[in-house]
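> Listed below are the residues making up each chain.
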Amino acid sequence: MKQQLFDTQIHIATGGRSFSNDGEALVLLHGSGQNHLTWVLQSRYFAYRGYPVLAPDFPGHGLSGGTPLESIEDMADWVIALLDSLDVKTACLVGHSQGCLVAIDAAARYPDRVSRLGLIAGALAIPVNDQLLTMSDKALGKAISVMTSWGHGPMAHMHDNTQPGHSFLGYGNRLMASNHADALRHDLVACNNYSSGKVAAAKITQPTLCILAASDRMTPVKFGNAMADSLVNSERVILNGAGHMLPAERPAEVNDALRHFLAS
Amino acid sequence: MSGDYKFDTLSLHAGHVPDERHGSRAVPIHQTTSYVFQNTEHAAALYNQELGGHLYTRISNPTVAVLEQRVAALEGGVAATATASGMAALSTALLVLCSQGDHIVSSSRMYGANINLLENTLTRFGITTSFIDPSDLAGIEKAIQPNTKLIFGEVIGNPGLDIMDVEAVGKIAAKAGIPLMLDCTFNTPWLLKPFELGANLIIHSLTKWIGGHGVAIGGAVVDGGNFDWGQNDKFPTIAGPHYAMDGINFYEEFGPAAFTAKFRAEGMYNFGPSLSPTNAFHILQGMETLPLRMQRHMDNTAKMLEFLSGHEAVAWVRHPNLADHPGHELAKRMMPRGAGSIIVFGLKGGRDAGRSFIESVELASHLANVGDAKTLVIHPASTTHSHISAEAMVEGGLSDDMIRLSVGLEDFDDIKADFETGFRAAAKFAKTKD
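Respectively, the protein sequence lines represent chains A and B.
The first sequence: position 245 = 245 (the numbering used here), numbered continuously.
For the numbering used here, add 1000 to where a residue sits in the second sequence, where the first one is 1.
Pulled out of the complex, with its shape left as it was, chain A reads as follows (with noise of 0.2 Å):
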């Protein structure tokens, strides 16, 4: 769906059924240099399960307009007012990699809107090497191409797939030259900018799923345990021979883990 915020087009992924701001909404949160489609295999696996999903392109992302936003804070900001926009009370956030830090930052600083999160293949910072800022804005399709390699485990470099005839790798790397020329050096500036997530997770009560994957290169797994170690209520899963991009390397553990804990 489309909605208004701040004089910009934003798209919605709904996962194919009419959003209802009746109740705890769930909201996903796409990674740097991403967009709704990361979700793909979750936002219509909610959503036909009666969660009220919503998978927003971030400013700049997929098939949302305007600019992308400058830094984590502002897009946790940006989270409330689109919940505000939609007269929605409480969220479910569940963030993937750059989206962790949005949801951390969010739950922190709106206690009373985000119930709960899903930390997906994240950490309390992601600092980003100069070489990659470099090349996100110098050289946007090798920047590309090397976090899509990264960013896969080793299955998907044999390109196995649940998805019949899919490759992660052409997928992956198609997705993020979708985006708006500027929109993954912005992200992966916020990430390396963003500092204040120690201190947000001390303020987090709220009850945290973390989602970790052992083959990470991105976010390894030490760091997401770091996190999930930060956090007083939280349970965590880690998935063995999984990389970065959990949510579409490993759908059904993913949806698994993460129905088990929005239905406790």
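Mimicking DSS-like on lysine-lysine, the simulated pairs with C-alpha atoms at most 27 Å apart in a straight line are:
| id | chain 1 | residue 1 | chain 2 | residue 2 |
| --- | --- | --- | --- | --- |
| 1 | B | Lys1171 | B | Lys1193 |
| 2 | B | Lys1348 | B | Lys1303 |
| 3 | B | Lys1332 | B | Lys1193 |
| 4 | B | Lys1303 | B | Lys1374 |
| 5 | B | Lys1193 | A | Lys138 |
| 6 | B | Lys1006 | B | Lys1332 |
| 7 | A | Lys89 | A | Lys203 |
| 8 | A | Lys142 | B | Lys1193 |
| 9 | B | Lys1234 | B | Lys1142 |
| 10 | B | Lys1175 | A | Lys142 |
| 11 | B | Lys1374 | B | Lys1332 |
| 12 | B | Lys1175 | B | Lys1193 |
| 13 | B | Lys1175 | A | Lys138 |
| 14 | B | Lys1171 | A | Lys142 |
| 15 | B | Lys1332 | B | Lys1175 |
| 16 | B | Lys1234 | B | Lys1171 |
| 17 | B | Lys1348 | B | Lys1374 |
| 18 | B | Lys1234 | A | Lys2 |
| 19 | B | Lys1006 | A | Lys138 |
| 20 | B | Lys1416 | B | Lys1303 |
| 21 | B | Lys1171 | B | Lys1142 |
| 22 | A | Lys138 | B | Lys1171 |
| 23 | B | Lys1006 | A | Lys142 |
| 24 | B | Lys1348 | B | Lys1428 |
| 25 | B | Lys1416 | B | Lys1348 |
| 26 | B | Lys1332 | B | Lys1416 |
| 27 | B | Lys1006 | B | Lys1193 |
Pulled a few chain B residues facing chain A out of the computed Cβ check, cut under 10 Å:
| id | residue |
| --- | --- |
| 28 | Gly1053 |
| 29 | Arg1070 |
| 30 | Tyr1251 |
| 31 | Phe1254 |
Rough simulated footprint, nothing fancy, chain B against chain A, three-plus residues with beta-carbon under 8 Å:
| id | stretch |
| --- | --- |
| 32 | 12-19 |
| 33 | 164-171 |
Because the hints were derived from the structure by calculation, they are not lab data.
C-beta atoms are modelled at their ideal positions from N, C-alpha and C, and glycine is treated no differently.
Guided by the hints, dock chain B onto chain A, whose structure is given.
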């Protein structure tokens, strides 16, 4: 894994990881029609594309999926869908994209069945085609109408071996907001990766070089994921509500794989052009050696071109690697490893000499296929292109005396000796004609 696997490795491995329970190193043949659902919810989720997986072999199959993922990996696409033949791939792709009243701009220099489909069959369903010489870039652009939904062509035309400038035609298509779909059977991804030059959809007859052994018919449609189906209002059944799955919008739901999602949900579901798992297995065996075979095909083709070009029995030889071919420079630029292993030639003595040659060779097989590991010959005017009109023959650059040669992997000295036998048999017609 420190980087992405290379072509030779992908040819052997892509799409398959040995399963934990059995550990089969070879790709297992899942010879089944159906798959047991875990429960009703699981079944519904598969039908609704909430989950990846298989529900019925007409739609997808684990063995076929390995083949599809291997083809997608070699082409650098987002996805591939395998079909029962190359013609099944093409016809289904066109019917997934086009509706009554739509129009196609196509190369005029193509395989006879491709032309027949566009010229005679699709017109019965209200889909019309303008045929243009693939080298006439201005003509291609001029032929595009408001209702044109794609440009179609063969990278290396069959059998005339005309070369399409993929990059230039890709730009024309992009400017018009329509996809460029190419039949890439003759080039294979080993010689050219058309997505890198701006093509959007690729059709393969897997029966040919990709299989290479001549034991199984198969085809595939590969989705480059590089066409924006929502950029205009030309594709309402992809970027608008579809009748299936509560009015699903494939473009919004699946992004770069929107075409494949629709091809699977509508093309495979409604038309049912599915590839058998056993044929997928056979084709996979061939794919494992694709790079090795292609190198040998190109080595033998180079030797054959030299042999034919200097032979007194040969009236003419055409191949894009020869300097006198009109597409020579373009072919050299696009396909530095060579422009395929099909050669066409004519003998002194014309059609009768050609017939005598084909009937006299013993090692080279006279049959209607190309891309086999074995050397093949045929007379297109009386076989593969016999169903198209005389005008279309001329338009397609075909002559009555043309012999199409698919260069195989035999020891070249043996092929050469076999051809000498054929040339001797044909010589009497050359003398008669002289």
